[in-house]
Amino acid sequence: MESPQNSVARTPSNSAIVQRRSKSKSYRQSYRSCLGAASRLGLTPGLTARRLNSSRRALKSQVITEKVNPEHLAILVKAEWQLSYVTPLYQFRHTQLKSYSRQLSAFIAAEKQQGLAVEVEGSQSSFRVSFSVVQGMAETDDDAETVLIQIFSKPMFAKQDEPQRSVWSGWLTCINGNPDYLHSLPKGFTCLPLFGSSGAEVLTSLVKSWFQQTFDCCFGCLEINQTSLQWLAALWTNCHTESSLKHLKMIWTIPVVPPLQVTYTVDPQDAWELWMSVRMDQLDKSEEEEEEQARNIDIEEVTRFMQGLKSHFYRHFRLDLSAGNLQQVSTALGSAKFSGKIKISSSRYIITTLALLTECALLKMPI
Amino acid sequence: MSLLKPFSKLPGLNSANILLVENEEQFQQSLADVLVEETSVAVNVRLAKSLPLPMENDESRPRIDLVVFIINLTSELSFQSAETSLKYLDPGYFLGKVCFMVTNARNASVPTEHLDAVRKLAASLHCPLLFAEDQTPDGVTSATERLLTVLKVAASLVPTTTALYLSNLTRCTLPPDIDQPSFD
Numbered sequence: 001m002e003s004p005q006n007s008v009a010r011t012p013s014n015s016a017i018v019q020r021r022s023k024s025k026s027y028r029q030s031y032r033s034c035l036g037a038a039s040r041l042g043l044t045p046g047l048t049a050r051r052l053n054s055s056r057r058a059l060k061s062q063v064i065t066e067k068v069n070p071e072h073l074a075i076l077v078k079a080e081w082q083l084s085y086v087t088p089l090y091q092f093r094h095t096q097l098k099s100y101s102r103q104l105s106a107f108i109a110a111e112k113q114q115g116l117a118v119e120v121e122g123s124q125s126s127f128r129v130s131f132s133v134v135q136g137m138a139e140t141d142d143d144a145e146t147v148l149i150q151i152f153s154k155p156m157f158a159k160q161d162e163p164q165r166s167v168w169s170g171w172l173t174c175i176n177g178n179p180d181y182l183h184s185l186p187k188g189f190t191c192l193p194l195f196g197s198s199g200a201e202v203l204t205s206l207v208k209s210w211f212q213q214t215f216d217c218c219f220g221c222l223e224i225n226q227t228s229l230q231w232l233a234a235l236w237t238n239c240h241t242e243s244s245l246k247h248l249k250m251i252w253t254i255p256v257v258p259p260l261q262v263t264y265t266v267d268p269q270d271a272w273e274l275w276m277s278v279r280m281d282q283l284d285k286s287e288e289e290e291e292e293q294a295r296n297i298d299i300e301e302v303t304r305f306m307q308g309l310k311s312h313f314y315r316h317f318r319l320d321l322s323a324g325n326l327q328q329v330s331t332a333l334g335s336a337k338f339s340g341k342i343k344i345s346s347s348r349y350i351i352t353t354l355a356l357l358t359e360c361a362l363l364k365m366p367i
Numbered sequence: 001m002s003l004l005k006p007f008s009k010l011p012g013l014n015s016a017n018i019l020l021v022e023n024e025e026q027f028q029q030s031l032a033d034v035l036v037e038e039t040s041v042a043v044n045v046r047l048a049k050s051l052p053l054p055m056e057n058d059e060s061r062p063r064i065d066l067v068v069f070i071i072n073l074t075s076e077l078s079f080q081s082a083e084t085s086l087k088y089l090d091p092g093y094f095l096g097k098v099c100f101m102v103t104n105a106r107n108a109s110v111p112t113e114h115l116d117a118v119r120k121l122a123a124s125l126h127c128p129l130l131f132a133e134d135q136t137p138d139g140v141t142s143a144t145e146r147l148l149t150v151l152k153v154a155a156s157l158v159p160t161t162t163a164l165y166l167s168n169l170t171r172c173t174l175p176p177d178i179d180q181p182s183f184d
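Note that the protein sequences, when read in sequence, are chains A and B.
The opening residue of the first sequence carries number 1 in UniProt numbering; numbering runs sequentially from there.
The opening residue of the second sequence carries number 1 in UniProt numbering; numbering runs sequentially from there.
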């Protein structure tokens, strides 16, 4: 589809950039057509080029994130986050975080003055905003550093010297983003496609509108679709040897009248044995055991793992779960809901989970 | 094996028979209601949940000109049932007398793998792939019009074209990067 990519390419009207672009041939591409030039010739390009994350995903290695500030890690691990995708931010500087904090506090105070409801559990005092950079989470050199935003305020009946509690937190991150896409962004744009927020909805919408005004970006809700939920279920099961997941719980909804919700809890040892038997089928006889650990996981293995679980359910209850939709997957390592809520309970797997979610966000983004 | 054969019976005069196969049995009903309103040709619509068709009706069933598989992308079961039903069709049907119709393709909750799987299936069988919107009457009407176009050709009611010729023009093709992952 030629027209979207032409209109996007004209957005920065600086002539210097136009020249440089034509010289080095790295023109701004729509993300979809980034994948292959051949797709633009003849057969249907555009919508069909935006597809699956990847069929071969590297094994979720335990990433012991000791290079990250433990306080920040504690914040990330504690709450359940509502996810959104963000289009690239224009002129976002990691060095100006202090001024961004001031601007956002002023914005919230101004909105409160105007009478837009900012009643957050009776806290009447002014809000203090803090932007901070979470160092050490970026996976490749192209990724922008993760930014953590917290809003503090004092509760209504607090004493003078009581510290302010955090009433809202959020983060923007990009982990292991697609390098072709990141390089094709025009100069001045920072790509932090994944946004997570936890706290009052009012504050979330205020923060989003401030970002939209300041950096000319768009937010949109990110659903974790069926395939990604299945990937998470398989990846978490794969980590059972390192850190035991207490159970593998899945919630399915079946579209019948009245709607039926099925909660399917699997003992972790059984899930692990099923997963191993699926992987062992693919294993070549000559490969070593240790090599098997480092192999990629294919989408076929994930599908077969889920198919095994579903057929077991069918054998006992005569209900085929394929007719329904997977809504939620939860283990001791974290839980993910179809509506876009994610909770990562273990700091070892934050990086890989966020990388998967970054891919989902990049795919869902309209540009 | 009770295969459905395309040419084992004599055709009717100025009539066309269409078989709609759908696991959920919802869209086929609304399609049928609009299909029978066609005036220039006598359209007989037969509905089925899956193939094989029951043996008892075999004698009274007319020659089926077009078999349409309706697949709802939000449910995997729909696709699996259509896949298993394909085995009960005589290979003669795949020369332009089979069509795939897909609903809910624009639904945001549908993972792209489902559409890819249907595409690959339709492309491997050289069949056309139509997209339909089943919730509004306009969507049903436009889906019906497209089906009627294919049906009239498949029932040999259009003088200059045959089903095989039309299927060569309308068959589903795969984009060359369909298997390429977005990331590595």
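It is worth saying that the hints were derived from the structure and are not from the lab.
Don't take every hint at face value.
Below, a list of computed lysine to aspartate or glutamate pairs in the DMTMM-like style, where the Cα atoms sit at most 25 angstroms apart [claimed, not checked]: (1) 343(A) - 216(A); (2) 49(B) - 320(A); (3) 87(B) - 300(A).
Which stretches of chain B does chain A cover? Using the computed rule of at least three CB atoms under 8 angstroms from a CB of chain A, they are [as the list claims (entries may be wrong)]: (4) 65-77; (5) 105-118.
These numbers were taken from a predicted model, which means no experiment stands behind them.
Ideal Cβ positions, reconstructed from N, Cα and C, are used throughout, including at glycine.
Structure-inconsistent hints, enumerated in ascending order: 1
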